[in-house]
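Trainee: Sequence:
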Amino acid sequence: MDALADVAAKQTDSSEPAALKPAPAVRPSTRGPRNGAWWTSASRILAGMSAPVVPDLVEFSKHQAVVQHRADFHRAWLKFAAERLKPVTTFAGRELSGPESAGPLYYPFSGPDILYGLALFPNAAEIALTGLEPVGDVPDLTNLDDEQIAGSLAQLRRSLNAILAFSFFRTNDMRDEFANNRLSGVTPIMLIFLARHQAVITGVQPFILEKDSNLRNVPPWFLYNLVVERIPGVRISFTLPNDARERKLYYFSADLSDAGLAKTPQYLAWMNAFEPRVSLVKSASYLMHKNYFSDVRSFILERSNLVVQDDSGVPMRLFAEQIWDRKMFGSYAGPIPLFANWYQKDMKSAYDKAALSIEFGIGYQHVSKKSNLQIFQRRVHRASS
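Heads up: the sequence shown begins at 1 in this note's numbering, then just goes up one per residue.
Honestly, the hints are just simulated from the structure, not real lab data.
One or more hints might be untrue.
Unchecked claim - In silico lysine to any residue, SDA-like type, Cα no more than 20 Å apart, as pairs: (1) K79 to H366; (2) K348 to V380; (3) K327 to F339; (4) K211 to A269.
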């Protein structure tokens, strides 16, 4: 925990789906195999960091638009690291340091938000994210012309503005930005966040989650226009400073409604085998308050030993007090007007009785003194299979 906070100091829903169908993928460019050094260099260039680069990317890193991107994004990152990231890592070190924090971590309705996933759970060795956004790819950067480089990097910064300012992605905005960006989909964004966590990338592998619940490795272009019964995704392998473990980040582009999961039963079958010990939910559009998101909601309640969420996650009434201990952080004033129907009287009562302070803003109520966060800990842990 402290190491990440130090990194931030030195550098000093997703989740509002507009539709239940994953966004169409933009066809990535075909390209040859890349090693970890290439991916690490590319991720740090895109993250606006000064770092040694592989020979193939030296000239690209000197491009005027890349230099400008480095200055612009680094400035935004310094503000975010000081005002949001450091308080989050401090909170995690104090409240989320138990054995469950090592994961595996399940983060549905996340979009590409590995940023907060690792900030809250820096010891997690395996992390599974899910969103509607397409997987995307990083094209051959050296083949982009001046206009494409400048435009793609500017659009990338716009995609990142929401999470740096508000702590969540806006799916509608990301759909529009991905549609015309050479740096499309969630893969470049996840690589940027990993780079800012000082990760060394050891591999990036697109896959399809097949109907038999197995992951089949495929080239990036193969994910274009898949039939709905096959789930596209990507696996990113990486290491973090002072930790030799190779970690794995999985992203699945999937519809988590009951109707969507009925078409892709392999999703929950794979997640069952993944055996998440902890679930994270924030800025999830209150989808699990609706009857037609009951399957993913039940999965979280049945499989998790620890659930960290804001009020947009699983309704509090479903965390039976005889099964779950709970801690409430921040304040609860109810949802923002867009989600006013999902006010929780029992949550208001719980907050009025006992709530601890929170030092950062998170979720839709992203101003620190209005944010809420809950930790639900299963009293008797569910044993692994």
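Trainee: Quickly compare the C-alpha distance for K79 and H366 to 20 Å and report which way the hint goes.
Mentor: The given pair, whose Cα atoms are some 15 Å apart, holds under the 20 Å limit.
Trainee: For the pair we were handed, K211 and A269, check the Cα-Cα distance against 20 Å.
Mentor: Holds, at about 10 Å.
Trainee: Do the alpha carbons of K348 and V380 lie within 20 Å of each other, as the hint requires?
Mentor: Violated, at about 26 Å.
Trainee: Against the 20 Å threshold, does the CA-CA distance of K327 and F339 hold or violate the hint?
Mentor: 23 Å, violated
Of the numbered hints listed earlier, those contradicted by the structure are 2, 3.
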